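Asks: Build the full structure now, drawing on both the sequences and the hints.
Given next are the chains, with one letter for each unit.
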Amino acid sequence: GQNIDQPTEMTATEGAIVQINCTYQTSGFNGLFWYQQHAGEAPTFLSYNVLDGLEEKGRFSSFLSRSKGYSYLLLKELQMKDSASYLCAVMDDYKLSFGAGTTVTVRA
Amino acid sequence: DAGITQSPRHKVTETGTPVTLRCHQTENHRYMYWYRQDPGHGLRLIHYSYGVKDTDKGEVSDGYSVSRSKTEDFLLTLESATSSQTSVYFCAISPGQQSSGANVLTFGAGSRLTVL
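Residue numbers (our numbering), protein chains in the order written: chain A, 1 to 108; chain B, 109 to 224.
Hints listed in this document are in silico derivations from the structure and should not be mistaken for laboratory results.
Don't take each hint at face value.
Cβ pair distances, simulated, as ranges [what the hints assert, rightly or not]:
no.: 1; chain 1: B; residue 1: Ser-188; chain 2: A; residue 2: Gly-40; range: 23 to 31 Å
no.: 2; chain 1: A; residue 1: Ser-65; chain 2: B; residue 2: Glu-167; range: 24 to 32 Å
no.: 3; chain 1: B; residue 1: Gly-171; chain 2: A; residue 2: Thr-8; range: 22 to 30 Å
no.: 4; chain 1: A; residue 1: Thr-26; chain 2: B; residue 2: Gly-148; range: 18 to 26 Å
no.: 5; chain 1: A; residue 1: Leu-54; chain 2: B; residue 2: Ser-188; range: 47 to 55 Å
no.: 6; chain 1: B; residue 1: Arg-220; chain 2: A; residue 2: Gln-79; range: 22 to 30 Å
no.: 7; chain 1: A; residue 1: Gln-19; chain 2: B; residue 2: Thr-128; range: 25 to 33 Å
no.: 8; chain 1: A; residue 1: Arg-59; chain 2: B; residue 2: Gly-171; range: 36 to 44 Å
Owing to the predicted nature of the structure, the values given are computational and were not obtained by experimental measurement.
For each residue, glycine too, the CB sits at the ideal point set by N, CA and C.
Replies: Spelled out as structure tokens, the structure:
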């Protein structure tokens, strides 16, 4: 089975940095994904890691350690529009399994 | 946006009635998926398809069936809807193996189903 854990909620101030951690135990691994989901909308793809290390994409970065079953998503220079749920997901043989999501609230 | 549409977007039905949700894509992607999303559970895979007439179960497949008779359409059927199937249903598509290694899923806008 798949077990993917991430915090339920986080709050941060506009302009700050927030790090969302994700730990996973899965039967197989073909990559780790992060998605963003605004309330009432569909999830949208943010980042993908399959090798250990950091992937940077503008204000967003994602890190992976396969030996530790650990990833994080780093959101820098937070903006109000970054208030959303962030979903950690693991790909196993073309099936994507999701954690329950972390709701990030950005305050002015 | 990727060419993926879901219908209907909203539906209210009664317990025991059959319901079919449709997912239509114009991307010619090989893989199609049905997920449900409920508070506290996140997205859970119901069924997926890896080609025409090729489907497999996900983690919450009981009470659901699927069909894919054409590349572009993936149908999710609830034979006899129950209140526990009240949820938001998302369809997703993906191309399969890529040279970049990332088999990115793109999601439809979702279908909100209420079973009374």
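Asks: List, from low to high, the hint numbers that the structure doesn't satisfy.
Replies: 7
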